[in-house]
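Protein chains in written order, with this note's numbering: chain C, 1 to 787; chain P, 1001 to 1161.
Hints in this document: simulated from the structure, not taken from any laboratory.
Glycine residues also receive a C-beta, built at the ideal position from the N, C-alpha and C atoms.
Be aware that one or more of the hints could be misleading.
[Claimed, not checked] If the Cβ cut is set under 7 Å, some of the chain P residues that face chain C in the computed set are:
1) 1034
2) 1040
3) 1063
4) 1073
5) 1098
6) 1122
7) 1125
8) 1127
[What the hints assert, rightly or not] Sample of chain C residues with no beta-carbon within 12 Å of chain P, all distances over it, derived:
9) 179
10) 255
11) 256
12) 277
13) 301
14) 417
15) 512
16) 564
17) 687
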Amino acid sequence: MPKDSGIGASPKRREDVRFLTGTGNYTDDINLRGQAYVHFLRSDVAHGRINGVNTDAAEGMPGVVRIFTGADFEGVGGLPCGWQVTDRHGEVMQEPAHPVLAQGKVRHVGDPIAAVVAETYEQARDAAEAIEVDIEDLPAVIDMKAALKDGAPKVHDDLTSNLCYDWGFVEENREAVDEAIRNAAHVTTLELVNQRLVANPMEPRVAVGDYSRANDESTLYTTSQNPHVIRLLMGAFVLGIPEHKLRVVAPDVGGGFGSKIFHYAEEAFCTFAARQLNRPVKWTSSRSEAFLSDAQGRDHVTKIELALDGDNNFVALRTDTHANMGAYLSTFSTSVPTWLHGVLMAGNYKTPLIYVNVKAVFTNTVPVDAYRGAGRPEATFQLERVIDKAARELGVDPIALRRQNFITEFPYATPVAVEYDTGDYVATMDKLEEIADLSGFAARRAESEKRGKLRGLGVNCYIEACGIAPSALVGQLGARAGLYDAATVRVNATGSISVMVGAHSHGQGHETAFPQVVAEMLGIDESMVDIVHGDSSRIPFGMGTYGSRSLAVCGSAMVRATEKIINKSKKIAAHLMEASEADIELKDGQFTVAGTDKSVAWGDVTLAAYVPHNYPLEEIEPGLEETAFYDPANFTYPAGAYACEVEVDPETGKVTIERFAAADDFGNVVNPMIVDGQVHGGLAQGIGQALLEGCVYDADGQLLSASYMDYAMPRADDLPFYSVDHSCQTPCTHNPLGVKGCGEAGAIGSPPSVVNAVVDALQSGGHKVDHVDMPLTPSRVWAAMQG
Amino acid sequence: MPQVAMTVNGKPARGEVEGRTLLSSFLRDNLGLTGTHVGCDTSQCGACVVHVDGKDVKACTMFALEAEGAQVDTIEGQAGADGSLNVIQQAFQDHHGLQCGFCTPGMVMTAAALLKETPKPSEAEIRDYLEGNICRCTGYHNIVKAILAASGQDAGAIAAE
Ligand code: FES
Ligand code: FES
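So here's chain C without its partners, still in its complex pose:
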């Protein structure tokens, strides 16, 4: 019998009512009295020297308030990078300046050159057209390998080359891995591209800067996944505003998928300009601008080699990856190909020797940073593709090859620096075989073939590291921030509760799921608990939502704070009932004294805390409010197994997804309905990557896929109903809820199964195809079939 409240239940989402009635409060819905509007004049060339920006004519245009250029930001800080990677030679990465508005050079199409503030958007846009920019075109570097050639044009003149870092992991394993590969019975090699994607949350970014001169206080309303991170980065590194004078509010946010983690120039600009002009300044991104200014994702080019012994055991793995950073280092860009990618290369398998080499490269393209999964999809894709290829080369069943090499004992220390606390990869694979009805595949293939279609089955596993992250560990690895989170549980006099959390909900349903936990712990009704998030002035210093961390990290803080509430309220209850604290029990919202029929209700205790007439004032303070900060002891390791069945039209190369099944182990699950939804959304993004999406630059650095006419977002008719299951649950061993995180799994786990399925389909038709690069568009698949 499913529960109807508390942990494990699926109450309807309370946030839905405002979204369904058009009464949400997204950043673009915020309009402040007297606000001006900014339009950014952006570079239309990928690389050029700015010889002059003449704003004279534009200044005189109707409604213009002021025009800013790079010169206005001399002496102002640049946008910081939050993670310093040390390379294989012990040198720190090359880290270029990232000015708010371009200074000296433009480095990608979309790089902001000037900002026009005017009374209306239209006036700002009109005036921007009257700005004369004298840019001397420079040759652009777009291709990563070309960018590393001697004599290639440099994106940043003051760096020694376009190489940000050359990272080796684990460097000490390098020779042993080389040797094992040289001596292996079989080596499977695969070269592949994990193409650049655009996150594309449906809400474009917006920033509204406000300033109170009287109080010298700045407020930024912004589409962010982590308001405190923005306050820290912008206040401390860019504008020099102390925290107590800077408030950052991220209200309802229309999806993020990583792209709204980072601190962007437009946020700093609106905050800066509001102070300069002493009036609010608003920017709303158009979708076209979003394609040129939101950090993009993926963009790895990889060669992977998997060595097996004569019994098909994996003995060594070596990868060589080029990772595109784009023109500047976005906030967490440098960590993605390293600590979120290299450390996952063991996957679900006991490969004893692994060496990962990543060269991060500057190019004249939009910066690249975390996008749903961030590094882990890239790791999973190459590993699960090469395993599939190995199985085909060796003539063994791809599932059997995986099963043979599964890690089965936990905790398990991988050769790439992490320790998986728990998991059961056999169980998720068993579950997958059941829900995907793999035994019925042969009949379905025969039926497809009767209709002239090729049918393929692709299976893969994945593991990810979530619950980001143990601060001390990531500090050693180069993170410039702690990655704990925080929650304050404020119990009001009548017993209702506000929980202020550092996590931010932009689709994840925290407002519904988090109260399920608190209410269950206290035995009270969920409707008595509300979540407050998204406003740095109302919430404790938490690090926000990304990396499937909200429940594992912030939820753990919330549990700790609630435990403190329980401890204190038991003291009060003991006093009220003249009993010993050790005998007090809390159940169903009632405090009782063990072995007696004495009881007081939750509300009596909370009232006593705020009206302390009969209260142990000499022992404890009045009031009932507790804060906890939680720093995780380890990452969490959700894992699973996915299966995709495709049909390929041999005439056209068109691929359709016929079935998709996902068996995940997320540890304990608080709200199964929300978890299903997270997986569905992740699957759509992963299938989108596999079949449809791709960010394309031409040789000059013009972005060819800069609108929804050119960038193929998955639509309803591209996708099937999915079969998802998360009944395999090995609870996380080191956080109090035993949860692992579910937000990214679908996007991480699905691309390889789609490509594996297409390769299987093509081979079933007699085509000698062992890889097709994503997206598997009809033209690519058709070309592959032609040989």
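Starting from the structure of chain C, add chain P with the ligands where the hints point.
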């Protein structure tokens, strides 16, 4: 600046607009009806769908002046006077057909138009009709289920097939 007048959610509405002002901007900026969202600038995403004289229209594809005299219905007019959700809205909540909520107003308005035309659509008909509405969060699974349910069909059974 020219004046425009229309009926929005059953009430008269008027305002001054430029010739280039889009209906979506008029609703959001002049009338403060911010439930109609703008997710793109190429008429691809469907976040802005409203009904104009009973037909679903992307409000970003129409100038405000073109709606002179029209009956315009937006997401804000869908719930009952007492705030109760209509059948489609309720089905979206029941089936978790929304996450961040940004595409949701357009999805609900599009679904309403579909069900008016085709009271009992098949899964394929629903997916086809949603061609012009992009959702980045839900993977569409629960949106399709919600629309099946709103049409009185057994969404769970159809999705499990
Ligand atoms: S805003 Fe109208 S279709 Fe995107
Ligand atoms: S619910 Fe977020 S875009 Fe659809």
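Task: Indices of hints not satisfied (ascending) - done: 3, 4, 6, 7, 10, 11, 15 and 17
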